[in-house]
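K.L.:
Protein chains in written order, with our numbering: chain A, 1 to 167; chain B, 168 to 436.
Treat the hints with care, since some could be wrong.
To be verified - Just a few of them, taken from the derived set where beta-carbon distance is under 8 Å, the chain A residues facing chain B:
#1 VAL16
#2 LEU48
#3 ALA49
#4 VAL56
#5 LEU65
#6 THR70
#7 MET74
#8 THR75
#9 ILE121
#10 GLY123
To be verified - A few chain B positions that, by computed beta-carbon distances, are all more than 10 Å from chain A:
#11 TYR292
#12 GLY374
#13 ILE393
Honestly, the hints are just simulated from the structure, not real lab data.
Cβ atoms here follow ideal geometry from the backbone N, Cα and C, with glycine treated the same way.
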Amino acid sequence: MLFYLAAPFLAFCLVVFQQGFLNLFFFQQLSVEVSLLLAIYAGFRMDLARGAVLSVLMGFFVDCLTGSITGLYMTAYALVFLLSFTLSARVYVKQGTLVMTYVIVCTLLEGLLVVGLTALIHGVPLEGRLRVFVLQALVLGVLSPAVFPVFDRVRSFLEVDEPRPMP
Amino acid sequence: MMFFQRYRTVIVVTLLAVLCLVVISISIRHPGRTGVFRQIVLECAAPVEGLLGRPIHAAAKAWRRYLFLFGLEAEVGRLRRQNAILTRRLVQYQEGYLESRRLRKLLDLKEHDGYRGTTARVTGYVRSATARTLVIDRGSAHGIKPGQAVIVAEGVVGRVMEASWHAARVLLIVDESSNVDAVLQPSRVQGILQGRGGRGCQLKYVGKIAPVRAGDAVVTSGMADIFPKGLLLGVVREVERTTAMFQKIEVTPAADFSRLEEVLVLTGR
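Just need the whole structure built from these sequences, with the hints factored in.
P.N.:
What follows is the structure, encoded as structure tokens:
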């Protein structure tokens, strides 16, 4: 229960921090989407309902704070989460390089989705934006091995009241 | 409950897909309208974003300022160099201006007296124990001969002692070997103005009954045919009447020899 109470607040704080601090830190040239890393992490380490709620919330907050069409990032995050969730059942992602590669692929996928949907909805070609996503994918890929352990710690803090399975 | 447990994944995925599609559809259908949730998020995020951005903005500002100051150092260096060049140029122009004024004065003097003259630049000032002379950059090639008068706008400087082709030495009236026929302007009393080195000049052979006062002008008498008549030699500084036959009259030369730069050599009528 604590998770559902804390998740919106934490997701909001994370997105605000990422938009307000990290983006400025990179002089507004690069969007460091830690929230996407969290969505990927949620796919691998969290259960379906919690991960979905968290991903959707973060996607919504990103939509609100980036000024994009409401539901755009929400959809992208949900898809990334579901993809990660599906993969987690088959692949054990723990190795650093594998995590990095997967994060890069997911970020590029998110970029393609966002650019593609925006182009489809607004009818504006956004080929130039893809370059930004490539750079962002590389940065997130490099960051991911360091960020995932932090998420582990936060998760262990939030899951204290989680009902444990009977022995 | 069992149904939910069994088809949990399908239900959640379906709910997710429906939610996303509905939200996107509403957003596309009403592009100009900001939803309530979106407004709430914006309302909450704006001050936090501002607060978070403040240190970054401050750091960025400091960095820009540092870069600006870093550039400023080079700029200051450049401006200093430019300033030095401009100051040098200004000094040159001022020098030119002052020189032209001095030459104009000399030219006026030449025209006024009807003398032919050659302007010369002072290139050296010899101030030894035995002599007080000037060196000028004009010589016999320019018509300079020994004995010619050398003057400036303020008064008499001296006379040419010797001349080479392109230089000449001028004996100043303050030199102890210099003697100039002079006359006290108010009383028309004649005398000989003799140089006394650093102490100026002394007007000699003026009788003790002659009316002489401090401040009287001493001018050339024009008798020896070296100096034209009426050129200012100096001003009486001090008069001492003794029991001797002549008065002791101290004269301050009119020309300031330490500041001479150009002179006019009177080469003839």
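K.L.:
Compare the structure with each hint and give your call.
P.N.:
Evaluation of the provided hints:
no. : hint   : in the structure
1   : VAL16  : holds (5 Å)
2   : LEU48  : holds (5 Å)
3   : ALA49  : holds (6 Å)
4   : VAL56  : holds (7 Å)
5   : LEU65  : holds (6 Å)
6   : THR70  : holds (4 Å)
7   : MET74  : holds (6 Å)
8   : THR75  : holds (4 Å)
9   : ILE121 : holds (6 Å)
10  : GLY123 : violated (12 Å)
11  : TYR292 : holds (68 Å)
12  : GLY374 : holds (98 Å)
13  : ILE393 : holds (86 Å)
When each numbered hint is compared with the structure, a violation occurs for hint 10 only.
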